[in-house]
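Participant: From first to last, the protein sequence lines are chains B and V.
Taking our numbering, the leading residue of the first sequence gets -11, the next gets one more, and so forth.
Taking our numbering, the leading residue of the second sequence gets -11, the next gets one more, and so forth.
Treat the hints with care, as some may be off.
[Stated by the list, open to error] The following residues of chain V were derived to be distant from chain B, with all beta-carbon distances above 12 Å: (1) E(-3); (2) T120; (3) C231.
[Unchecked claim] Restraint ranges, calculated between C-beta atoms of paired labels, are given here: (4) V:P81 with B:T147: 54 to 62 Å; (5) V:A290 with B:G286: 33 to 41 Å; (6) B:T147 with V:A290: 25 to 33 Å; (7) V:C231 with B:E19: 23 to 31 Å; (8) B:K175 with V:P81: 52 to 60 Å.
[Stated by the list, open to error] DSS-like cross-link-like pairs, simulated, lysine-lysine; straight-line CA separation at most 27 Å: (9) V:K260 with V:K210; (10) B:K346 with B:K20; (11) V:K20 with B:K289; (12) V:K60 with V:K20; (13) V:K346 with V:K20; (14) B:K60 with B:K153; (15) B:K43 with B:K60; (16) B:K260 with B:K209; (17) B:K346 with V:K289; (18) V:K60 with V:K43; (19) V:K289 with B:K289; (20) B:K289 with V:K260; (21) B:K354 with V:K289; (22) V:K175 with V:K289; (23) B:K60 with B:K20.
To be clear, the hints were calculated from the coordinates, so they are not data collected in a lab.
In this text the structure is predicted, and so the values were computed from the model without any measurement.
Backbone N, C-alpha and C define an ideal beta-carbon position, used for all residues, glycine too.
Protein chains: 2
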Amino acid sequence: MTGQLQSNEDFYAVIPAGGMGTRLWPVSTSEKPKFLQSILNNNESLLQSTWERLKSLVPVERILIVTGLAYKDEVLQQIPDLLPSNLILEPSPRDSGAAIGLAAAVIHKRNPNAIIGSFHADHVIRGLSSFTLAVTQSVISAEAGYLSVIGIHPTRAATGFGYIKTAGPEPKIREGVGFSVERFVEKPDLDTARSYLQSGEYFWNAGIFIAKTELILEALKKNSPDLYQSLLELAEVFGTDTCESDFERIWQSVERIAFEYPVAIPLAEEGKLVVIPGHFFWEDVGDFAAIHRMFTGGNSKALATIGDRDAIIAQDSSGLVIRRSDRIIAVTGVSQIVVVDTPDALLVTSLPNVQGVKQIVAELDKREYNPLNTN
Amino acid sequence: MTGQLQSNEDFYAVIPAGGMGTRLWPVSTSEKPKFLQSILNNNESLLQSTWERLKSLVPVERILIVTGLAYKDEVLQQIPDLLPSNLILEPSPRDSGAAIGLAAAVIHKRNPNAIIGSFHADHVIRGLSSFTLAVTQSVISAEAGYLSVIGIHPTRAATGFGYIKTAGPEPKIREGVGFSVERFVEKPDLDTARSYLQSGEYFWNAGIFIAKTELILEALKKNSPDLYQSLLELAEVFGTDTCESDFERIWQSVERIAFEYPVAIPLAEEGKLVVIPGHFFWEDVGDFAAIHRMFTGGNSKALATIGDRDAIIAQDSSGLVIRRSDRIIAVTGVSQIVVVDTPDALLVTSLPNVQGVKQIVAELDKREYNPLNTN
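Excised from the complex, chain B in its bound form (with noise of 0.2 Å):
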C-alpha cells in the first residue's frame, strides 16, 4: 500500500505545525511549541515523528510544512531534507482555515488534479500499517469526489477530543470506502462521552483531512470568500522574491478561522463528507494527564517519570514527573502529583487539575511575561 501512495503524483501531505500547546506548558513554549519538542523523550520531536511517517507514504517532494515565521530556523534544522520550496511560513497564527487553504491554493497551482492530506504536526500515532491503510482509503474516497476524515475508534470516554458522528448505528457507505458523516461534535462533558462511547456511532475527531485541493478551495470560495481571495493572493506570491513582504501586507486581512467552519461542515451538510475508521493509536497529548496515560496505560495510581531516572527519587507517589533539569527531583507522599521541572520554570499540578494550566499560563501573560516564552 505504501508503494500504491509513493507512486500516486497527486497526492500531497501537509504539515500544519501551529499549535502552542498551551497546557503543556512550561514544557512547550511560544519560543519552542509542542511540536518541535521530544514530549516523549525518544529524542525526536513531534514534529520530526510526523515528518518521518509521511515519508513513508509520500516523497519529500511532496510533503509540506507550515509553520510559523519564527520557527523556520528550528523546523529547518529539526527537518534537513524538507525542501525550501516545501516550507510556507505564515507571518503570524491565523487557525486551521489559513493553514491547510493556502497549502491547498500553492499545491493546486503546481497541480490542479492534486489530492491533499492534512496531517497535525503534534500528534502521535502507533501502528504504521494501520495508519497507511487508513490515509490510502481515504484518498481512494477523496479521488471520488468526498472529503475524508479520519476518525479514531474511542477507547475510553475521552472529554478532551471533539467527535464525529457517523449517520446512524448502521451508516450508509459512500462511494469510496468512508461512512457518511451526521455532524461534528465539540468536546463534550463525561456523561456525554459515555452515551458516545456506548452508542457505537461516534469516532474521535483526530483532525486528519484529506480531500482534493479543488474541493477544498470550493468550499473555501463559498463559504469564506473573503479568505478565498487572500489565499489565492498568498499563492500567487508564493516562492517569489518578494514572497516575505508581500505576504506581511496580505495576511492583515486573512481570516483567523477553523478549517471546520468553511470546510468541513458544510461539506458535511451537503453529504460530501465520509469518516474513514483509523485503527491505529492516537493522541494528541494535549495536556500532561495525556502523557500519564501514555506512560501508565491509563493506571492513576502510576507513577511516570521521564528524564534522568537516577536523579529523580520517588516514594509513596503517584503522577507523572518530568524533569527537563539538571537538578535532584525528590517526590514523597503526594498523589495523582504533576511535576514538570524546566531550567526557567517549574509546574506543580494534580492529573485532575492539569487543565488549570490554561489558567497560568493565561495569569503570567497578564504579569506581561511573554508566558510561554520562558524557555
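Starting from the structure of chain B, add chain V where the hints point.
Facilitator: Here is chain V on its own, set in the frame of chain B:
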C-alpha cells in the same frame, strides 16, 4: 531585667550550632545547615537571630558558639562580633552532651563560679521580654543550685516535640522560681499529646538549659566519667597553638550522647531540676509543616509562599511554596502541597507527609550522593 543579666559577670550564653535539619532538605544541607539559613526569609539566619537575641542579655565577651570545624568560615562571616576565643570548633558532630559539656568545661576554667545557659542556634523565638524574664528566672534557680530548663506552655497537641512533666497538677515550687520536674518525655503520639495538653502538667522541652558549670561538670563526672575526662583534656588545650591537632586526637574517644542522659535526667531524679515556664513563642522549625504553621497560623487551607511573590503563580492550591531558585513557579489545583525549589534540588511533598523527607535524604545517601551536600 536585661541589665540584671548584662551585669551578672558569672552568666555566660552558649550556642550549640550543629543540627543538620535533615527534614528541611533541600533548604538545609550538610554544607549549609538550617542554623546558617534564613529559613523565614528575613535575611537573617537562625544563628544570627539567636545571636542578636542573646546579645540583648549578655555582652559578646560572654557568648560562646560551639560548631563544626566545617562551618568556621561561614559562622565568622555571619557573626562578625563573635570573639575568636569564644568559638569552639568540633572536628565532627558528637551530640549535645559533648557540645554543652565542652563549653561548660572551657567556661569553668575561665570562671569557676560561672552559670551557663545553652540556647539552640536553629530555633525561632518571638517575644523578647518574655524570653528575658524566663532566662532571668532560670538564672535565679541556677544560682540556688538547680539545673533550670525552660518549658514552653503547649498551645496544641504537638507530636514533634519532647515534653517535660511537672510533679503533679500543683507542682512544688523550688527555692528558686521553678516547678519541680517529674520526668522528661519523648515525642508522643497524637492521642498522648492530646492528653498532655488537657492535663496541664506538661511543658514542651525547648532544650534551653541553665545551670552552674560546676553542677553540669559534677553530673558528667558521676554519670559519664570518660566523656568528662575527655572534656577536661579538650578544655585544657583549647586556645593553645596546637588546639586543632590536639582536638583531632582527643575527639576520637569523645562519647556521642545527648545532654539529657548524663546530666538532665539524673539531676531530675535527684530533685535538682526545675522547669521555668516560658510564655514566649517558640518553634524548633523542624520540618516544612512547622514553617507552614508559622506563616498561616495553622490554617491548613492557606497557601504560604516564601520567595519573590511575583515569580510564584498559585491557583486553587494550599500548602507551602519556597522559592530559592530564579525560576517561575506555577502551582495549580493541589491541596496541602509542599514545593521547595532550590538551584540544585526540587522537593515536592504534602503537609501530612513532610516526615518523608528523612527517607528521601536516606535514599539520596544510598545512591552515593552526599544527600545534604547539594546546595
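Participant: Look at each hint and say if it fits the structure.
Facilitator: Hints versus structure:
1. E(-3): holds (50 Å)
2. T120: holds (40 Å)
3. C231: Answer for C231 (chain V): holds, closest chain B Cβ roughly 38 Å.
4. V:P81 with B:T147: 54 to 62 Å: holds (56 Å)
5. V:A290 with B:G286: 33 to 41 Å: Because 34 Å falls inside the window, the suggested range holds.
6. B:T147 with V:A290: 25 to 33 Å: Check passed, 31 Å falls within 25 to 33 Å.
7. V:C231 with B:E19: 23 to 31 Å: Violated, at about 58 Å.
8. B:K175 with V:P81: 52 to 60 Å: This hint holds: roughly 59 Å between Cβ atoms.
9. V:K260 with V:K210: holds (15 Å)
10. B:K346 with B:K20: With Cα atoms ~17 Å apart, K346 (chain B) and K20 (chain B) stay inside 27 Å; holds.
11. V:K20 with B:K289: violated (36 Å)
12. V:K60 with V:K20: Holds: K60 (chain V) and K20 (chain V) sit about 11 Å apart, inside 27 Å.
13. V:K346 with V:K20: holds (17 Å)
14. B:K60 with B:K153: violated (37 Å)
15. B:K43 with B:K60: holds (20 Å)
16. B:K260 with B:K209: Distance ~16 Å between K260 (chain B) and K209 (chain B) Cα, so the pair holds.
17. B:K346 with V:K289: Roughly 23 Å separates the two Cα atoms, so the pair holds.
18. V:K60 with V:K43: Holds. K60 (chain V) to K43 (chain V) sits at ~20 Å (cutoff 27 Å).
19. V:K289 with B:K289: Roughly 25 Å separates the two Cα atoms, so the pair holds.
20. B:K289 with V:K260: It is violated: about 56 Å lies between the C-alpha atoms, which goes past 27 Å.
21. B:K354 with V:K289: holds (26 Å)
22. V:K175 with V:K289: Holds: K175 (chain V) and K289 (chain V) sit about 26 Å apart, inside 27 Å.
23. B:K60 with B:K20: Holds, because 11 Å separates the two Cα atoms, which is no more than 27 Å.
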